[in-house]
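Go ahead and model the full structure; you've got the sequences and the hints to work with.
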Amino acid sequence: MDRHGAQSVASAPMEPSPAAAAPLLQARGLAYARNDEPVFGPLDFRLEAGEALLVQGGNGAGKTTLLRVLAGLLPAAAGEVRMQGRPVDREHLARGSAYLGHQHGHKAELGAAENLAYSRALNGGSGDITEALAEVGLAGYEDVPARRMSAGQNKRLALARLRLQPARLWLLDEPYANLDLDGIALVNRLVQAHLAGGGAVLLTTHGAYAAPPVPVRTLHLGPARGAP
Amino acid sequence: MSAVSAWSTARAQARRDLQLVWRRRGDAAQPLLFTVMVVALFPMALGAEPNQLARIAPAVLWVAVLLAGLLTLDSLYRSDVEDGSLEQMLLAPVPLAWLLLVRVLVHWATTALPLVLVSPLLAEFLYLPRELLPVLLVSLALGTPLLSLLGAVVAALTVGIRRSGMLLALLALPLFLPVLVFGAGSVMAAAQGLSSWAGALLLLGAGLALALVLAPLAAAAAIRIALS
Numbered sequence: 001m002d003r004h005g006a007q008s009v010a011s012a013p014m015e016p017s018p019a020a021a022a023p024l025l026q027a028r029g030l031a032y033a034r035n036d037e038p039v040f041g042p043l044d045f046r047l048e049a050g051e052a053l054l055v056q057g058g059n060g061a062g063k064t065t066l067l068r069v070l071a072g073l074l075p076a077a078a079g080e081v082r083m084q085g086r087p088v089d090r091e092h093l094a095r096g097s098a099y100l101g102h103q104h105g106h107k108a109e110l111g112a113a114e115n116l117a118y119s120r121a122l123n124g125g126s127g128d129i130t131e132a133l134a135e136v137g138l139a140g141y142e143d144v145p146a147r148r149m150s151a152g153q154n155k156r157l158a159l160a161r162l163r164l165q166p167a168r169l170w171l172l173d174e175p176y177a178n179l180d181l182d183g184i185a186l187v188n189r190l191v192q193a194h195l196a197g198g199g200a201v202l203l204t205t206h207g208a209y210a211a212p213p214v215p216v217r218t219l220h221l222g223p224a225r226g227a228p
Numbered sequence: 001m002s003a004v005s006a007w008s009t010a011r012a013q014a015r016r017d018l019q020l021v022w023r024r025r026g027d028a029a030q031p032l033l034f035t036v037m038v039v040a041l042f043p044m045a046l047g048a049e050p051n052q053l054a055r056i057a058p059a060v061l062w063v064a065v066l067l068a069g070l071l072t073l074d075s076l077y078r079s080d081v082e083d084g085s086l087e088q089m090l091l092a093p094v095p096l097a098w099l100l101l102v103r104v105l106v107h108w109a110t111t112a113l114p115l116v117l118v119s120p121l122l123a124e125f126l127y128l129p130r131e132l133l134p135v136l137l138v139s140l141a142l143g144t145p146l147l148s149l150l151g152a153v154v155a156a157l158t159v160g161i162r163r164s165g166m167l168l169a170l171l172a173l174p175l176f177l178p179v180l181v182f183g184a185g186s187v188m189a190a191a192q193g194l195s196s197w198a199g200a201l202l203l204l205g206a207g208l209a210l211a212l213v214l215a216p217l218a219a220a221a222a223i224r225i226a227l228s
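Going line by line, the protein sequences match chains A and B.
51 is the number that the working numbering gives to position 51 of the first sequence; each next residue is one higher, with no gaps.
124 is the number that the working numbering gives to position 124 of the second sequence; each next residue is one higher, with no gaps.
By construction, these hints were calculated from the structure, which means they are not laboratory data.
Here the structure is a predicted model, which means the values were calculated and not measured.
Ideal Cβ placement from N, Cα and C applies to all residues, glycine included.
Each hint should be verified, as a subset may be incorrect.
[Stated by the list, open to error] Listed next, with one range per pair, are the computed distances between beta-carbon atoms:
no. : chain 1 : residue 1 : chain 2 : residue 2 : range
1   : B       : I161      : A       : N59       : 23 to 29 Å
2   : B       : P178      : A       : D143      : 42 to 48 Å
3   : A       : A22       : B       : L33       : 56 to 62 Å
4   : B       : L67       : A       : A22       : 54 to 60 Å
5   : B       : P129      : A       : E142      : 51 to 57 Å
6   : B       : D27       : A       : G152      : 25 to 31 Å
7   : B       : L175      : A       : A134      : 45 to 51 Å
[As the list claims (entries may be wrong)] Selected chain A positions facing chain B (in silico; Cβ < 10 Å):
no. : residue
8   : R68
9   : H102
10  : N115
11  : R120
12  : G124
Right, dumping it as structure tokens:
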């Protein structure tokens with residue numbers, strides 16, 4: 001898979017792109033520490049609309065933590081995050097992004113359509129639920145409780161939820177986990193469609209998977225500075 | 001995100017919680033079963049002594065209802081933490097406290113309200129004089145939502161702990177005590193012909209009004225910290 005404009009931006013500021021003055025997401029000196037022990041950073045990176053940022057790094061490098069900070073679930077220890085040029089706090093980050101973590105975020109007892117209807121109402125999204133389910137290959141599963149679906153199907157349901165959320169920034173933590181080849185292609189297709197619609201995607205991976213054929217930057221997370 | 005109104009999210013949250021209660025209706029009947037069992041055992045243990053039973057009836061009823069409430073607390077956020085639903089609630093563009101208020105009210109309506117409704121029957125088991133029934137009903141109607149709201153705060157404090165049952169009970173009991181004292185006390189006072197029963201009910205009402213506003217905020221703050 002070709003990566004247009006793949007660039008290593010590990011801990012180094014990017015040259016400003018002339019196309020857009022205010023990138024969708026920009027981090028300056030972003031760092032997180034748990035109990036005074038640095039987990040990652042300080043990081044500088046920017047993400048334009050229509051771009052994907054692939055966050056790579058070994059186990060424990062802080063990929064998930066970075067995504068949780070950007071989702072507004074964790075407070076950053078230092079640095080600032082700007083969305084479209086405006087500095088944002090945790091609450092704005094939570095509103096401006098759609099987050100898919102290691103847990104799916106839907107109820108095992110409820111049917112696929114019921115889960116999506118709840119999430120859509122909660123996030124103020126629009127879009128047809130049947131259509132979203134068909135797009136992720138779950139047509140006909142509207143009334144099947146998530147409990148009776150496989151791990152891969154649950155992942156697909158979570159991806160359908162993402163598609164119904166209005167947020168421009170997607171934060172995907174290991175989106176390829178548990179998916180078959182068809183599912184990997186599905187993630188790439190969804191990412192591509194989201195980027196084409198003016199969104200941006202930040203996704204983590206161990207680096208073993210093919211990146212989607214879209215403009216991708218990569219961010220390598222190494223051991224945090226000052227770590228023992 | 002103006003499409004998200006407080007009412008539409010509250011409706012979606014209430015709908016989802018009611019659907020979940022319906023799917024787990026076996027669990028939902030537990031508090032009712034527990035209370036009926038405890039109350040039914042007292043006449044057996046004490047023998048048919050109407051006067052003795054009538055004297056302790058308010059205390060027995062209140063203790064049974066309080067313990068039944070304590071039993072359900074552990075499950076209030078448990079499954080939402082495990083499947084990531086709580087994270088999604090935190091990231092929604094409405095205040096978490098608002099969603100939690102709806103969550104707690106549905107919890108009260110499905111676990112405690114049935115107890116209030118069957119309490120006249122249970123009072124009959126214990127030979128509670130009929131003229132005390134209105135006081136008992138008002139004390140339970142004011143006291144049980146207060147217990148649910150206080151319990152929601154304590155459960156939120158222990159969200160990050162995997163097996164928190166015992167700790168939860170230890171933390172909740174001191175907060176539940178005043179409710180028990182004023183709740184059972186109001187019926188006792190009315191039984192003895194004291195005029196102080198109205199004061200106890202007013203205090204319960206004041207506590208409920210305070211908790212309706214403050215408890216969801218406190219629970220939301222505790223969950224934010226626990227999930228960090």
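To see whether the hints hold, each was checked on the structure:
no. : hint                           : verdict
1   : B:I161 with A:N59: 23 to 29 Å  : 25 Å, holds
2   : B:P178 with A:D143: 42 to 48 Å : 46 Å, holds
3   : A:A22 with B:L33: 56 to 62 Å   : 60 Å, holds
4   : B:L67 with A:A22: 54 to 60 Å   : 58 Å, holds
5   : B:P129 with A:E142: 51 to 57 Å : 55 Å, holds
6   : B:D27 with A:G152: 25 to 31 Å  : 29 Å, holds
7   : B:L175 with A:A134: 45 to 51 Å : 49 Å, holds
8   : R68                            : 9 Å, holds
9   : H102                           : 8 Å, holds
10  : N115                           : 8 Å, holds
11  : R120                           : 8 Å, holds
12  : G124                           : 3 Å, holds
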